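J.: For reference, the chains in residue letters:
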Amino acid sequence: MQYSRITFIELYKIFRNPRTYIAFSVVAIVVGLIQLGFYTDGETYLEFGLRSLTDTFELHGKILNGYLMAYIILQTLLVNLPLLVSLVAGDMISGEASIGTLRLILTKPISRNVLIMAKFTAAGIYTLVLLLWMAFWSLGISVLIFGADDMLILKSDMITQILSSDVLWRYIAAFGFAIVAMLTVASLSFFLSVFAENSIGPIMASMSIIIVFTIINTLDLPIFNHMKPYLFTSHMLGWKGFFDIRVDANNEQIKGSIENLPGVLSSAGVLIVHIIGFLWASIWVFKRKDILS
Amino acid sequence: MHIQVDQLTKQFGNFTSVDNLSFSVNAGEVYGFLGQNGAGKSTTIRMILSLIKPTHGTIKLFGKSLQDDREYILSKTGAMVEKPDLYKYLNAIDNMKIFSKYGGLSLSRDEIMNQLAVVGLESRAHDKVKKYSQGMKQRLGIAIAMVNNPDLIILDEPTNGLDPQGITDIRNLILMLSRDKKKTVVVSSHLLSEVEQIADSMLIINKGKKIVEGRVTDLLNPGKVQLEIETLNNEEAKLILGASTWSDSLKGNSIEKLIIEVNRANIQDLTKYLVDHGVGLIGIKSVNSLEAYFLSLTSEHAV
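Residue numbers (this note's numbering), protein chains in the order written: chain V, 383 to 675; chain L, 9 to 311.
No wet-lab data here; the hints were simulated from the structure. Source: prediction; values computed, not measured. Please note: incorrect hints may appear among the correct ones.
[What the hints assert, rightly or not] Here are the simulated lysine-lysine pairs, DSSO-like style, with alpha carbons at most 30 Å apart:
#, chain 1, residue 1, chain 2, residue 2
1, L, LYS232, L, LYS265
2, V, LYS622, V, LYS610
3, L, LYS265, V, LYS669
4, L, LYS61, L, LYS215
5, V, LYS671, L, LYS217
6, V, LYS671, L, LYS61
7, L, LYS68, L, LYS190
8, L, LYS84, L, LYS61
9, V, LYS671, L, LYS72
10, L, LYS232, V, LYS671
11, L, LYS215, V, LYS671
12, L, LYS96, V, LYS669
[Unchecked claim] Stretch-level coverage of chain V by chain L, calculated; a stretch enters the list once three of its residues show a Cβ under 8 Å from a Cβ in chain L:
#, region
13, 396-404
14, 477-485
All C-beta atoms in this analysis are idealised placements derived from N, C-alpha and C, irrespective of residue type, glycine included.
Given only the sequences and the hints, what does the whole structure look like? Please build it.
T.: Structural data, given as structure tokens:
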């Protein structure tokens with residue numbers, strides 16, 4: 383009862399704070415710009431990209447469609463979304479400390495455990511809503527503007543064609559995975575927020591950690607290769623796995639299949655372990671913390 | 009008894025912020041908690057509100073242990089600790105709503121407006137807090153402290169940073185809470201004159217240690233007056249007085265301020281004595297008795 387009441391208050395504060403809508407505006411503006419760019423010059427751009435293919439194959443249908451647009455947008459935006467998630471999650475405790483409301487809240491008859499769980503839940507719901515907003519713009523609006531058809535994905539060594547009837551569930555799964563990935567970022571920022579007394583520190587620290595881990599991921603050195611499986615950033619792009627399709631003995635795609643489902647699930651598992659770890663650490667620290675702000 | 013603190017100590021590393029402090033606050037009184045900046049007032053108040061964990065000692069409120077019955081105690085307590093900025097993007101009503109819900113209450117708009125009227129903010133209730141002056145924020149902070157109709161209200165430096173009018177407003181508000189609403193109010197301050205005007209009892213601390221505790225009327229002796237003597241050479245004047253029958257009346261060790269406590273009838277004799285003994289007298293003025301008392305006590309305990 384106390385938990386749901388406080389979660390509601392935290393959500394009320396998040397969604398009444400004008401700063402919250404920076405993230406929603408950024409998503410809408412960036413997606414809108416990409417859509418505008420492809421609407422005006424997309425065909426030319428794709429013709430150039432597919433030139434080597436059209437020499438050999440005859441491509442039918444609407445290649446530049448809403449599904450392809452959503453894939454392009456996700457690749458562009460999901461890399462930058464952690465910053466927008468950190469803006470709110472990194473502010474949950476430290477922001478209250480800096481304006482002096484944390485000490486006021488803690489003089490009310492509520493338990494610290496409940497408060498931090500409620501705050502984390504609210505940050506998680508914000509992340510979820512932000513992802514849904516992104517899904518609405520990148521997939522919903524793109525399909526409205528560009529229509530729906532089979533989806534072609536160009537990779538360095540192959541092209542994957544996904545039937546339009548086989549795409550939608552993959553996007554739902556991919557967004558589900560992206561929510562887990564962004565919740566990991568939210569939990570990291572939230573954890574750092576417990577230590578700080580202004581929100582800039584946790585936001586900067588979260589982004590720094592993500593940048594350092596991402597650099598480690600890109601360096602193909604033995605010392606880093608041992609670390610990579612344990613870094614959450616190695617698993618954040620696992621959503622792409624939902625667009626890799628298994629083929630049968632005749633090299634025919636198996637509709638509704640995922641090429642490496644255990645790998646995708648394993649990545650999701652690593653991210654969930656990180657979320658639980660960061661949340662547990664946040665509770666442990668916050669419960670013992672002297673409120674000096 | 010609403011608050012009972014026994015042998016309370018708080019250490020931050022090697023630094024002892026509060027040192028073996030014991031005191032008690034009776035129901036219905038205004039209790040002044042005095043000390044210079046850094047004396048340990050805020051740390052003590054934060055320990056009473058469970059914001060900081062004590063290193064040693066026990067705290068009881070309403071006869072219950074803070075450690076065991078924290079939520080019960082906080083449900084009967086309201087507090088404003090230093091200067092809260094509150095949620096600037098919300099108005100006073102929404103801020104009140106949020107904090108009442110944290111306290112487990114769901115107040116109607118009328119109830120909130122009534123509480124804002126108590127602190128004189130009803131006409132600005134719909135304005136966003138970012139438009140408020142510091143004094144208005146302080147008053148809203150007090151309204152938030154009272155939102156769950158607590159028996160005990162703890163205000164940490166409520167007049168800090170306020171202009172004279174703001175200080176008067178807060179003082180009147182505290183007196184009203186005590187007299188009309190029958191609340192127990194604990195007020196910390198380094199402004200001694202403020203506490204003297206509102207407190208029934210007081211505690212003076214310095215460097216985390218208790219210096220004196222008691223009723224303000226007992227601590228101040230109305231039959232006597234404290235005088236600050238300004239001379240051309242305070243050190244010489246102090247030697248002269250120290251060698252005379254006035255020596256017992258000297259307060260504190262400070263040379264900067266020569267404080268002496270005398271019966272009102274003896275002021276003329278003192279002046280004559282100083283002049284007769286060649287002290288270059290510049291002036292004698294009556295000082296705020298509590299302030300002089302406080303200065304003499306804290307300078308005696310200074311290391």
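J.: For every hint, state whether the structure bears it out.
T.: Hints, one by one, checked against the model:
1. L:LYS232 x L:LYS265: holds (18 Å)
2. V:LYS622 x V:LYS610: holds (18 Å)
3. L:LYS265 x V:LYS669: Violated, because 47 Å separates the two Cα atoms, which is more than 30 Å.
4. L:LYS61 x L:LYS215: The given pair, whose Cα atoms are some 19 Å apart, holds under the 30 Å limit.
5. V:LYS671 x L:LYS217: holds (24 Å)
6. V:LYS671 x L:LYS61: holds (8 Å)
7. L:LYS68 x L:LYS190: Satisfied, since the Cα-Cα distance of roughly 21 Å is no more than 30 Å.
8. L:LYS84 x L:LYS61: Holds, at about 20 Å.
9. V:LYS671 x L:LYS72: With a Cα-Cα distance of about 23 Å, the restraint between V:LYS671 and L:LYS72 holds, given a limit of 30 Å.
10. L:LYS232 x V:LYS671: Since the Cα atoms of L:LYS232 and V:LYS671 sit roughly 48 Å apart, the hinted pair is violated (cutoff 30 Å).
11. L:LYS215 x V:LYS671: holds (23 Å)
12. L:LYS96 x V:LYS669: Distance ~27 Å between L:LYS96 and V:LYS669 Cα, so the pair holds.
13. 396-404: holds (count 3)
14. 477-485: holds (count 4)
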